[in-house]
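Residue numbers (the working numbering), protein chains in the order written: chain A, 94 to 420; chain B, 3 to 337; chain C, 30 to 432.
No wet-lab data here; the hints were simulated from the structure. Note that this is a predicted model, so its numbers are computed, not measured. Keep in mind that a hint or two might mislead.
Claimed, not checked - Just so you have them, the derived chain B footprint on chain A, three or more residues with Cβ under 8 Å:
id : segment
1  : 147-155
2  : 213-220
3  : 344-353
4  : 391-397
All C-beta atoms, glycine included, are put in the ideal place defined by N, C-alpha and C.
Listed below, chain by chain, are the residues.
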Amino acid sequence: MSETETTYREAVRAAIREAMLQDERVFLMGEDVGAYGGCYAVSMGLLEEFGEERIRDTPLSESAFTGAGIGAAMGGMRPIVEVMTVNFSLLALDQIMNTAATIRHMSGGQFGVPVVIRMATGAGKQLAAQHSHSLEGWFAHIPGIRVLAPATLEDARGMLWTALQDPDPVLIFENALLYNMKGKLAADAGPVDIGNAAVRREGDQVTLITYGGSLHKTLQAAEDLAEQDIAAEVIDLRTLRPLDDATIMASVRKTRRAVIVDEGWRSGSLSAEISARITEQAFWDLDAPVGRVCSVEVPIPYPKHLEDAAIPQVPGIVQAARETLGR
Amino acid sequence: MTEPRQSPHPRVSREHVLHLLTQMIRIRRFEEKCAELYTQEKIRGFLHLYIGEEAVATGVMEAVEPDDAIVATYREHGHAIVRGIPMTKIMAEMYGKQEGCSRGRGGSMHIFDAETRFYGGNAIVGGGLPLAIGLALADKMQKRSRVTVCFFGEGAAAEGEFHESLNLAALWKLPVLFVCENNRYAMGTALDRSESETDIHKKAASYRIEARAVDGMNVVDVEAAAREAVAAVRESGAPRFLECRTYRFRAHSMFDAQLYRDKAEVEAMREQGPIKRLTEWATGTHFIHDDDLERIEAQVAREVDDAVAFAEAGTWEPIQDLTRDVMAEGPEAVQ
Amino acid sequence: MGLFKMPSLGSDMEDGTLVEWLVAEGQPMKRGDIIAVVETQKGAIEIEIFEAGTIGRLLLQEGETVPVGAPMAEIVGLDDEPVPAAAPPSASASAAPAQKAPRPGPVAPPAKPTPSPHAEGPSGRILASPAARRLATEKNVDLAGLKGSGPGGAIVSADVPGAAEAAPGPKGQPRQQARRGLDMGEMRKAIAAAMARSKREIPHYYLQHTIDLEAATSWLAAANAERAPTERLLLAALLLKASALALKQYPELNGHYIEGEYRPAKAVHLGVGIAIRGGGLIAPAIRDADTLSIDTLMAALRDATQRMRAGRVRSSELTDSTATVSSLGERGVEGLWGVIYPPQVALIGFGKAVLRPAVIEDRVEPRMQVQVSLAADHRASDGHRGALLLNAIDKLLQTPETL
Chain A
94 MSETETTYRE
104 AVRAAIREAM
114 LQDERVFLMG
124 EDVGAYGGCY
134 AVSMGLLEEF
144 GEERIRDTPL
154 SESAFTGAGI
164 GAAMGGMRPI
174 VEVMTVNFSL
184 LALDQIMNTA
194 ATIRHMSGGQ
204 FGVPVVIRMA
214 TGAGKQLAAQ
224 HSHSLEGWFA
234 HIPGIRVLAP
244 ATLEDARGML
254 WTALQDPDPV
264 LIFENALLYN
274 MKGKLAADAG
284 PVDIGNAAVR
294 REGDQVTLIT
304 YGGSLHKTLQ
314 AAEDLAEQDI
324 AAEVIDLRTL
334 RPLDDATIMA
344 SVRKTRRAVI
354 VDEGWRSGSL
364 SAEISARITE
374 QAFWDLDAPV
384 GRVCSVEVPI
394 PYPKHLEDAA
404 IPQVPGIVQA
414 ARETLGR
Chain B
3 MTEPRQSPHP
13 RVSREHVLHL
23 LTQMIRIRRF
33 EEKCAELYTQ
43 EKIRGFLHLY
53 IGEEAVATGV
63 MEAVEPDDAI
73 VATYREHGHA
83 IVRGIPMTKI
93 MAEMYGKQEG
103 CSRGRGGSMH
113 IFDAETRFYG
123 GNAIVGGGLP
133 LAIGLALADK
143 MQKRSRVTVC
153 FFGEGAAAEG
163 EFHESLNLAA
173 LWKLPVLFVC
183 ENNRYAMGTA
193 LDRSESETDI
203 HKKAASYRIE
213 ARAVDGMNVV
223 DVEAAAREAV
233 AAVRESGAPR
243 FLECRTYRFR
253 AHSMFDAQLY
263 RDKAEVEAMR
273 EQGPIKRLTE
283 WATGTHFIHD
293 DDLERIEAQV
303 AREVDDAVAF
313 AEAGTWEPIQ
323 DLTRDVMAEG
333 PEAVQ
Chain C
30 MGLFKMPSLG
40 SDMEDGTLVE
50 WLVAEGQPMK
60 RGDIIAVVET
70 QKGAIEIEIF
80 EAGTIGRLLL
90 QEGETVPVGA
100 PMAEIVGLDD
110 EPVPAAAPPS
120 ASASAAPAQK
130 APRPGPVAPP
140 AKPTPSPHAE
150 GPSGRILASP
160 AARRLATEKN
170 VDLAGLKGSG
180 PGGAIVSADV
190 PGAAEAAPGP
200 KGQPRQQARR
210 GLDMGEMRKA
220 IAAAMARSKR
230 EIPHYYLQHT
240 IDLEAATSWL
250 AAANAERAPT
260 ERLLLAALLL
270 KASALALKQY
280 PELNGHYIEG
290 EYRPAKAVHL
300 GVGIAIRGGG
310 LIAPAIRDAD
320 TLSIDTLMAA
330 LRDATQRMRA
340 GRVRSSELTD
350 STATVSSLGE
360 RGVEGLWGVI
370 YPPQVALIGF
380 GKAVLRPAVI
390 EDRVEPRMQV
400 QVSLAADHRA
410 SDGHRGALLL
420 NAIDKLLQTP
430 ETL
């Protein structure tokens, strides 16, 4: 099968482009997605190809345009709403939480909201405390929406179309550090499932559970652990809500040890939820307390050394994995 | 191009013109150095330069008193400099050194300084407006005769927080001066592509706030308008709104190919730059002379060099201190 | 002479492609002049120079892509402006922005609990993982004797003997960790779990046979006549030895049924059921019982009984058994029907030896007899083989001198 060299950014762009070509109900809207080419240059060139009607620059009004995406979805369109970063999505949280996530249930199943909302997330670019947080775990708290975190080129390329087929709201979190990630992608890469976690590396001594930008650090940690004769299994959650308990538990039952790597803060986090589920469902299989590597509970600071110290890093993951083995 | 005119409370003396010019050149040279340092990776994160807009912060800051409060945006180096925060501390902040005014934790977008009542450095568009009316509310409730000056871009006018804040400020009669720095582009989105009503001050008027637009490329106009507005706010306790029409000469941030505007437009605006205009007017009228300019430039160059040296010599906050100041410590802390 | 380098325009900019030089070699430049156009992920950006000087050699061809920090042109006649002290970031370093900040290590992880040599938590409870607890329960192992290798010295599943799925066998040195006494509550729970599992999972079949003990008791009386009381042999030793030898002959009754599969054992490690005062039962293994002399076997039995009752158990003793013998002894009753200890497949039960009327060559005589039973796992063996086992025991006990 032929492969092409591409980047995560280009994979997302290809996915948007394909969706626009396949389904005329699909349109993209958000801040600076058009003339500017997207804050992260994801949508560069799309305005020229599809025009202002379908590549819609919005004013800086997250609540209004996210709500408009929700309404348009209910009205028969298939909008892709781009919120520049998760930090700004807080201004749209009301619409996502109180409208998109509730309407199907509170209308007795009469209305659905097939909207896709994409946003960048994560730290690592020294953008300080108002541009660096990983709040996807908050969204994963909300029933009524599906939350995705593509960490690979295949998922960046393939999750969007599947998400657009979903009759309910889907949020896609793209870690901003991944946009430059290069790699090979099959020329015919297309839609992928959005229901399952993936085992990205097999091992039988400890399960490392992660998603998004932390996947690559975790894979590196697994590599380092292998040099220390520790065989770590790496699970990429892919979908943060609903969680794929079966894949997680199958691995934990095998390895008897789990470490969750989550760039969110520890308290009340997605990692806390996963840890709780493991103790609920696989307690008697555990040989060690569930470990967690999360962000330090501080607003992410600007200087590189403090930012690095604030978020999960490879040595910390290695250390946490070793501790589950009593090493 | 209009010449600076006499304002209600003008002080267009030679000294004052030299002062205004110096302030704007301080901002300009500081930021040019920042751009250079950015390409050398001394400064990281986002770097939003104010170059072209110096007249706004410079003019407005002439009108405020030391105990007034300033709320600014992520494009706030200029405001911080003319507010009186030492350039050394600002540059150290740009570097992320702990000698910086925010201990290095904020960087370019988050300059804070309690001494000068400088409340950031806010990097969520529109996020500073509710904060500003709260500061003003506190002054009003404590019967202090202070003014809170809130800077924001025209992009913020699209946010709900803009409208909610203006309404509350008018409804509760809060002593805020709203200063809209209308540079015509919200990042890459032109004003007429983001606003149905492009006269931003008219939005304020609809909340019954006295509002006007002023040539933001003319520092003397800005100062005059700001003096009048600040005096009115202080006296009436009610908000005022000033739309300063200006232009940013450089990209939104360093990593911006400026696909959204013509080079010719930028060049034309540069011709009307605030420093250029004031210099041409002041030299043309022999208010100031070439050697004044040389002296200012030399003095500012020294100040910038000192700031860089200070930042270079600065130290990194130890990692053990990472969790400091998440919550209050010491006597302030609730036990 | 200085170098003009590919500038970093954003922390996510890794490289740039030279689109066009806007200057020529030898051209004088002042600070702020635009000298080139560089293509980035965000489009073409004009690059300015921050120094004054003259353009020297242009080091980059249009169309070339170089990482941030790579030299683009020589600048001649520069003032002695400070040159950035650090080397330009390499291509690989530019993926993670090369700030000249000190490179700190990760934040110190939370302090590890200090490992306790006795694998005990602060509350005095044994530190053992849930998986180890479950496994120990299944294997009827007392955690107290185990040494932990897990976090904080906790016992993990791999520390539980028999955890490895290979046939149980000697695993290093027997662990001699002492403990402070048997926890009756825990023991009851362990028995409950093991016996419930046995009755739930094992399809037992039962056989019974009566063995004449005249030969054995006569031999014992003679042997004990010359011994000090503490050295005397008990009938139990003969019963055990005979059982061990018989089990050796019938491997389908000596081994373990694990994960749907019967695995015969190579050696005979005979579990001996010992009642604990105050209730409870424990069945330590006498290893290689078929090879021990009667005297050695007796000594082992005595030692095990004393230690069990004193609460000193070696963990391996509790898991190594390949079959179990339960003997009610003098204070018991005439017969017992045992419940197999999983994952073993056979339990041989001896009742109390009693004088019973027996028909010997047409005459009724009082004879010392014992009833022996076999509870066996029908998944591993059939009744016919079980019967042969009991007959073999009988036969061996008729020639005690050979045991």
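Tested hints:
no.: 1; hint: 147-155; verdict: holds (count 6)
no.: 2; hint: 213-220; verdict: holds (count 3)
no.: 3; hint: 344-353; verdict: violated (count 0)
no.: 4; hint: 391-397; verdict: holds (count 6)
Figure legend: structure checked against the earlier numbered hints; the only hint not met is number 3.
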